[in-house]
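So the sequence lines, in the order shown, correspond to chains A and W. Taking the working numbering, the leading residue of the first sequence gets 47, the next gets one more, and so forth. Taking the working numbering, the leading residue of the second sequence gets 13, the next gets one more, and so forth.
Watch out, some of these pointers could steer you wrong.
FRET-style restraints, in silico, Cβ to Cβ [stated by the list, open to error]: (1) K120/A <-> P143/W: 26 to 36 Å; (2) D108/A <-> H128/W: 18 to 28 Å; (3) D94/W <-> K79/A: 19 to 29 Å; (4) P143/W <-> N204/A: 14 to 24 Å; (5) D135/A <-> E54/W: 48 to 58 Å; (6) D94/W <-> I196/A: 29 to 39 Å; (7) R177/A <-> N151/W: 45 to 55 Å; (8) E84/A <-> V47/W: 17 to 27 Å; (9) E135/W <-> C206/A: 18 to 28 Å; (10) K79/A <-> R14/W: 26 to 36 Å.
Everything labelled a hint here was simulated from the structure, so no lab data went into it. Heads up, the beta-carbon is just placed ideally off N, CA and C, and yes, glycines get one too.
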Amino acid sequence: MDMKASSPADMIPIPGLHEALIKIIGEGLPLVKQPYAEIAKQLNCSESAVIDGIKSIIASGDLKRFGVVVRHRKLGYRANGMVVWDLPDNRVSEIGHCIGQYSFVTLCYQRPRRLPEWHYNLFSMIHGRDRAAVIDQVAFIVQQCGLQGIEHEILFSNRCFKQRGANYRVDPPSISSGRAVNE
Amino acid sequence: MREFSQLEQRLLNEFQQGLPLTSEPYADIARQLGVYETTVLETLHRLQTEGVVSRVGAVFRPNRIGASTLAAMAVPAEQLEDIAAIVSSFAEVNHNYEREHHFNLWFVVVAADEQHLQDVLAEIESSCAYPLLDLPLLNEYFIDLGFDLKWT
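For reference, chain W alone in the conformation it holds in the complex (with noise of 0.2 Å):
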């Protein structure tokens, strides 16, 4: 990972929330941080190309729009890798990940409504031939004001 700037810092940590809704928004930020629109405009089209912000723009709830779960499923490790290739070849999975445990295989589902996501699980616990843990959100307890990154 390469240094960041004081400037860059402060883009990636005091704006995660909050983008002004003005007709020049990276005017406005760029006087809150005394440097000129152009330098933000640049720092971020830099850092986006770089892969460390993945986008200016929302961050949406879970459940609000559409429908989706966190789904598990157990796979012995000689198959993860074709399993997961399974999960992932579904348009309604995003995340997929390997986790270190008994169920060793994560991955969130997300679809229009409640039938199409129930009839997308079915299918890939049929297509993967084991069985998956359906775990959607109840609740959620947390205020989410973006992450504070720690720079030492």
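Bound conformation, chain A alone (with noise of 0.2 Å):
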């Protein structure tokens, strides 16, 4: 156990913690008994302050998961579908919300549309064991949110020629150059 964890100066901020942490917990924990008091031997502080910190970061809604992150392509997901949609306007929040709603759909944002390139203004992630199984869970969502007759197209991943967890250059620089993952 960590002897400072109840020390007065836990009370003082420690500067450059909340921006080390963010790229601490981007890259993983380390897989130790006490992987908090780990990384709080890295940064010279309490592990109190390291899981009251991460505490905060999640509270700031900055994090959508904080666990064990898997890689769907390596568990047999192969099919990787983005399906775009084109939606009147104002209904964008409500049908968003109900395609959102399926487990099997992992993202689903409303991005603008680039006329006259591209006019699609939802688009929706889904994971499937093959193409078939996209396929059919996309018919679902059309079926289950009424929304016959609205156009969409499936694009499906090819090559993949790179991924890694995002790059963000957070100040201040001196203690982190912020590396953090987006996925």
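If you follow the hints, you should be able to join the two separate chains into one complex; please do so.
Right under this line is the structure:
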């Protein structure tokens, strides 16, 4: 246990701790018995400062999840379809919430149209074991959310040229070059 | 793909969020699963070595830290590999995928702020000599509870 855990020094915010923690939890925790104590050792602060720091990052809403991050392709989910929809602008929110509620939908975002080249305004990501599974799930969504007659396309992913965590440069540069992941 | 044990399946499916913020989080997980802490650590280590688990840590929300966008380009098939390599060479580009569509190259660009992001997009466009679509996130409509892995 960290002896500094309850010292009054912990009441003073440690400069750069927030940014350093963002970088560390974006890269992944050490797989050891006491990962937060291990991080505290690296950052020269107390274990409780690390745990409280992560709690405040979670409370800020910057994280989607904090836990085991899996790679779908390695689990046999080989088909990845980005389904793009051309929705009436005044129904994007309602339909977006409908599509986004299903567990096989891993992302559901409104993005701007770029006319005339691009007229789709809602993007949803679906992972399936194969293409047929993705196509079935899209058909299910069309039926459940009443999207008959709404133009949409499935863009299946093919070659992956690059995949890694995002490289954010977060100030102050002295403590962290800021690496976080966005997937 | 190999078969996953019951323990592996549960570790992969039930702990995608809410990692305990306690001194010994893997011991807490072990108690929930009714196994030893060392078994949890060894299993996670093995899954990470195999690449099934990318890490135990955070998945950030887009646009909360720095600025990011999804970009798309329509590239003639015979030039796709070369253009993709140019795009990938930018440090600000992370995911870069071929998709089956007229717009066949899709990539995510992340930068410290909006100005830097726009500079990088302009630089990518001029290096590739193809126009790109800049499709930033406007709203998100899903509750991300992790991905439910169906073991059948």
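These are the hints, each one checked on the structure:
1. K120/A <-> P143/W: 26 to 36 Å: At roughly 35 Å between Cβ atoms, P143/W and K120/A fall inside 26 to 36 Å, so the hint holds.
2. D108/A <-> H128/W: 18 to 28 Å: The hint (18 to 28 Å, Cβ to Cβ) holds, given that D108/A and H128/W are roughly 19 Å apart.
3. D94/W <-> K79/A: 19 to 29 Å: At roughly 48 Å between Cβ atoms, K79/A and D94/W fall outside 19 to 29 Å, so the hint is violated.
4. P143/W <-> N204/A: 14 to 24 Å: Since P143/W and N204/A have Cβ atoms about 21 Å apart, the given range 14 to 24 Å holds.
5. D135/A <-> E54/W: 48 to 58 Å: Holds - the Cβ-Cβ distance for D135/A and E54/W, about 52 Å, lies within 48 to 58 Å.
6. D94/W <-> I196/A: 29 to 39 Å: holds (36 Å)
7. R177/A <-> N151/W: 45 to 55 Å: Between R177/A and N151/W, where Cβ atoms are some 28 Å apart, the hint is violated.
8. E84/A <-> V47/W: 17 to 27 Å: With a Cβ separation near 22 Å, E84/A and V47/W satisfy 17 to 27 Å, so the hint holds.
9. E135/W <-> C206/A: 18 to 28 Å: holds (23 Å)
10. K79/A <-> R14/W: 26 to 36 Å: holds (27 Å)
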